[in-house]
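Asks: With these hints in hand, go ahead and build the complete structure from the sequences.
Chain by chain, the residues run as shown.
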Amino acid sequence: EAQVTQNPRYLITVTGKKLTVTCSQNMNHEYMSWYRQDPGLGLRQIYYSMNVEVTDKGDVPEGYKVSRKEKRNFPLILESPSPNQTSLYFCASSLAYGGYEQYFGPGTRLTVT
Amino acid sequence: SQQGEEDPQALSIQEGENATMNCSYKTSINNLQWYRQNSGRGLVHLILIRSNEREKHSGRLRVTLDTSKKSSSLLITASRAADTASYFCATDPKGAQKLVFGQGTRLTINP
Chain A
1 EAQVTQNPRY
11 LITVTGKKLT
21 VTCSQNMNHE
31 YMSWYRQDPG
41 LGLRQIYYSM
51 NVEVTDKGDV
61 PEGYKVSRKE
71 KRNFPLILES
81 PSPNQTSLYF
91 CASSLAYGGY
101 EQYFGPGTRL
111 TVT
Chain B
114 SQQGEEDPQA
124 LSIQEGENAT
134 MNCSYKTSIN
144 NLQWYRQNSG
154 RGLVHLILIR
164 SNEREKHSGR
174 LRVTLDTSKK
184 SSSLLITASR
194 AADTASYFCA
204 TDPKGAQKLV
214 FGQGTRLTIN
224 P
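Protein chains in written order, with the working numbering: chain A, 1 to 113; chain B, 114 to 224.
Keep in mind that the hints were calculated from the coordinates and are not lab data.
One should not assume that every hint holds.
Partial selection, computed: residues in chain B whose CB lies under 7 Å from chain A [said to hold, decoys possible]: (1) N144; (2) S152; (3) G155; (4) L156; (5) P206; (6) Q210; (7) K211; (8) F214; (9) G215; (10) Q216.
Every value quoted in this text rests on a predicted model; they were computed, and no experiment measured them.
We put the CB at the ideal spot given by N, CA and C, even for glycine.
Replies: See the structure below:
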């Protein structure tokens with residue numbers, strides 16, 4: 001089954017404790033992206049990747065890091081989480097950038113206390 | 114920065130009625146997409162319309178695009194309870210290499 005998986009689905013952590021949210025897709029997609037969703041603000045892009053070893057900042061990259069060492073995986077790293085990073089996070093992928101639908105993961109609900 | 118702005122923010126109608134949601138955007142685009150999100154879950158792609166297209170259909174969905182007015186509309190005909198969800202437009206701005214989502218319209222279908 002074609003899908004985007006994210007782990008963990010739920011996470012409660014404390015300020016400053018490094019964490020990684022994994023994202024994996026099994027569709028051989030080139031383009032992958034991370035979004036955060038907050039009430040009243042819709043989805044905002046954090047980082048995206050056009051292909052392996054090619055990543056770039058989205059609209060709200062501060063406090064986040066990503067890597068794309070393999071085509072299928074695109075982990076999101078929070079080196080020192082803060083309460084303002086409490087949010088619902090989505091990973092998405094598409095065949096390529098431009099004119100293709102994006103497939104979304106189920107989401108990761110992160111709470112930073 | 115937010116590109117798409119949906120209107121209305123919330124819409125509540127009776128089952129069987131048609132639902133219309135609108136999206137306005139600011140810059141030139143390559144295409145515009147509509148997505149549905151059931152509460153707290155991942156978004157699901159509904160339809161993509163390219164900048165050189167004016168109207169597109171998919172089942173009970175009809176999407177229009179007016180590039181001169183920088184606006185799009187999503188019409189859901191003969192609504193069902195299962196259509197209750199949030200609907201987002203996403204624009205693909207020229208030269209931006211990303212989709213930009215609006216804040217969404219929360220649609221409630223009352224039985």
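Asks: Each hint: holds or not?
Replies: Consistency of the hints with the structure:
Restraint check, N144 (chain B) versus chain A: the minimum CB separation of about 6 Å is within 7 Å; hint holds. For S152 (chain B), the shortest C-beta to C-beta distance to chain A is roughly 11 Å, which exceeds 7 Å, and the interface hint is violated. Because the beta carbon of G155 (chain B) sits about 4 Å from the nearest beta carbon in chain A, less than 7 Å, this interface hint is met. Hint on L156 (chain B) holds. Least Cβ distance to chain A is approximately 5 Å, under the 7 Å limit.
For the restraint placing P206 (chain B) at the interface with chain A, the shortest Cβ-Cβ distance is roughly 11 Å, beyond the 7 Å limit, so the hint is violated. Of the supplied interface hints, the one on Q210 (chain B) holds, with its beta-carbon coming within about 6 Å of a beta-carbon of chain A, less than 7 Å. This hint holds: K211 (chain B) has a C-beta 5 Å from the nearest C-beta of chain A, less than the 7 Å allowed. Checking F214 (chain B) against chain A by beta carbon gives a least distance of about 4 Å; that is within 7 Å, so the hint holds.
The restraint placing G215 (chain B) at the interface with chain A holds, with a minimum CB-CB distance near 6 Å, inside the 7 Å limit. Interface restraint check: Q216 (chain B) against chain A, minimum CB-CB distance 4 Å, threshold 7 Å, status holds.
In the structure shown, a violation is registered for the earlier hints numbered 2 and 5, in ascending order.
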